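Colleague: Using the hints, position chain B against chain A.
From first to last, the protein sequence lines stand for chains A and B.
Numbered per the numbering used here, the first sequence spans residues 441 to 555.
Numbered per the numbering used here, the second sequence spans residues 500 to 613.
Do not rely on the hints blindly, as some may be mistaken.
DSS-like mimics (lysine-lysine), calculated; alpha carbons at most 30 Å apart, straight line [stated by the list, open to error]:
| hint | chain 1 | residue 1 | chain 2 | residue 2 |
| --- | --- | --- | --- | --- |
| 1 | B | K556 | A | K513 |
| 2 | B | K556 | B | K510 |
| 3 | B | K569 | B | K556 |
| 4 | A | K518 | A | K495 |
| 5 | A | K542 | A | K513 |
| 6 | A | K542 | B | K569 |
| 7 | A | K495 | A | K542 |
| 8 | A | K495 | A | K513 |
| 9 | B | K510 | A | K542 |
| 10 | A | K542 | B | K556 |
| 11 | A | K510 | A | K495 |
| 12 | A | K542 | A | K518 |
Source of the hints: derived by calculation from the structure; they are not laboratory data.
Quantities reported herein were computed from a predicted structural model and do not represent experimental measurements.
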Amino acid sequence: AQTVTQSQPEMSVQEAETVTLSCTYDTSENNYYLFWYKQPPSRQMILVIRQEAYKQQNATENRFSVNFQKAAKSFSLKISDSQLGDTAMYFCAFIIIQGAQKLVFGQGTRLTINP
Amino acid sequence: DAGITQSPRYKITETGRQVTLMCHQTWSHSYMFWYRQDLGHGLRLIYYSAAADITDKGEVPDGYVVSRSKTENFPLTLESATRSQTSVYFCASSPLDRRYNEQFFGPGTRLTVL
Chain A
441 AQTVTQSQPE
451 MSVQEAETVT
461 LSCTYDTSEN
471 NYYLFWYKQP
481 PSRQMILVIR
491 QEAYKQQNAT
501 ENRFSVNFQK
511 AAKSFSLKIS
521 DSQLGDTAMY
531 FCAFIIIQGA
541 QKLVFGQGTR
551 LTINP
Chain B
500 DAGITQSPRY
510 KITETGRQVT
520 LMCHQTWSHS
530 YMFWYRQDLG
540 HGLRLIYYSA
550 AADITDKGEV
560 PDGYVVSRSK
570 TENFPLTLES
580 ATRSQTSVYF
590 CASSPLDRRY
600 NEQFFGPGTR
610 LTVL
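This is chain B alone, in the form it adopts within the complex:
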């Protein structure tokens, strides 16, 4: 029962490079989300997806691209990494059933952009 996994767990890259963070969930949840966590800001939503091939912007989408060709995967790409994108990134998922609205989080990826 893997649940929701993220890879890599740690990544160091340089300014201007393209980076892709992977997220995989085994529950077949409809919704998937990407958040970034920064000191003083809590978690902020970058992008979310309601189903395969349906994505939408969150609060801080600039500089990021997402895709969702399969229900279980939701990769996040930084097309040209900047130092301001140094952060901890969390992927989350939730089922279509809205009775509880709970989101289940992955372990996070710490990204450092030099």
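Looking at chain A on its own, in the form it has when it is part of the complex:
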């Protein structure tokens, strides 16, 4: 079975701090993509960052970066210089490249940025 586990149901940090959200996954496949999605109070699902499993280099998008450890099946998200607008639910997910394009999601981490 393919699963994603986010072990931190809730996190809270002060504005401008750096925060890391954890994610582990389980799959027997070798070729897949990993994602972090953000869901603000508006409920809209927004793609934050994407990582191809065949790439060793960690993906970065402005203040967002990942630490991808393929052997450990770990995919954490680091948010630098956190802002109030980063307050949201964050979901880790992956998709197998060959197959039916089905995203598998973790349970989510509720992140609150305090002023």
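Modeller: Using the frame of chain A, we list chain B on its own:
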């Protein structure tokens, strides 16, 4: 540029009633998906479609029916709604090109079954 839309945004219904949630996308994406979001479970796949007239079950398909007669529409029907189907439902789409595998989500429908 409407993208992907869902209707209604909010729906309250009673146990046993039939409910249809609509999803429409303007990108001509091949793939379309239905997910439900519940506390503690993240998003779980209900059904998906690779093209018009091609649909398949996801992780939690029981109690739901889908159809896809046109590429742009992918309605989800609850044939006889139950309280356990109270949830937020998301429709998503993605192109056939698998270079990026990104799925684009609609705004969601909050369904309450009394």
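Colleague: If a hint holds in the structure, say so; if it does not, say that too.
Modeller: Checked hints:
Our distance criterion of 30 Å between C-alpha atoms is met by B:K556 and A:K513, whose separation comes to about 27 Å. Taking the CA atoms of B:K556 and B:K510, the gap is about 24 Å. The hint holds against a cut of 30 Å. Of the pairs offered as hints, the one joining B:K569 and B:K556 holds, with about 18 Å between alpha carbons and a cut-off of 30 Å not exceeded. With a C-alpha separation of about 18 Å, the suggested pairing of A:K518 with A:K495 holds against the 30 Å cut-off.
The straight-line distance between the Cα atoms of A:K542 and A:K513 is roughly 18 Å, inside the 30 Å bound, and the hint therefore holds. Distance hint between A:K542 and B:K569 is fulfilled; the C-alpha atoms sit about 21 Å from each other, no more than 30 Å. Only pairs whose Cα atoms come within 30 Å are accepted, and A:K495 paired with A:K542 is accepted, the gap being roughly 21 Å. With a C-alpha separation of about 14 Å, the suggested pair A:K495 and A:K513 falls inside the 30 Å cut-off, and the hint holds.
Using a Cα cut-off of 30 Å, the hinted pair B:K510 and A:K542 holds, with the two alpha carbons roughly 26 Å apart. Between A:K542 and B:K556 the alpha-carbon distance is near 11 Å, which keeps this suggested pair within the 30 Å criterion. In summary, the hint linking A:K510 to A:K495 is supported, as the alpha carbons are separated by about 10 Å, within the 30 Å threshold. Restraint check for A:K542 and A:K518: satisfied, since their Cα atoms lie roughly 25 Å apart, inside the 30 Å limit.
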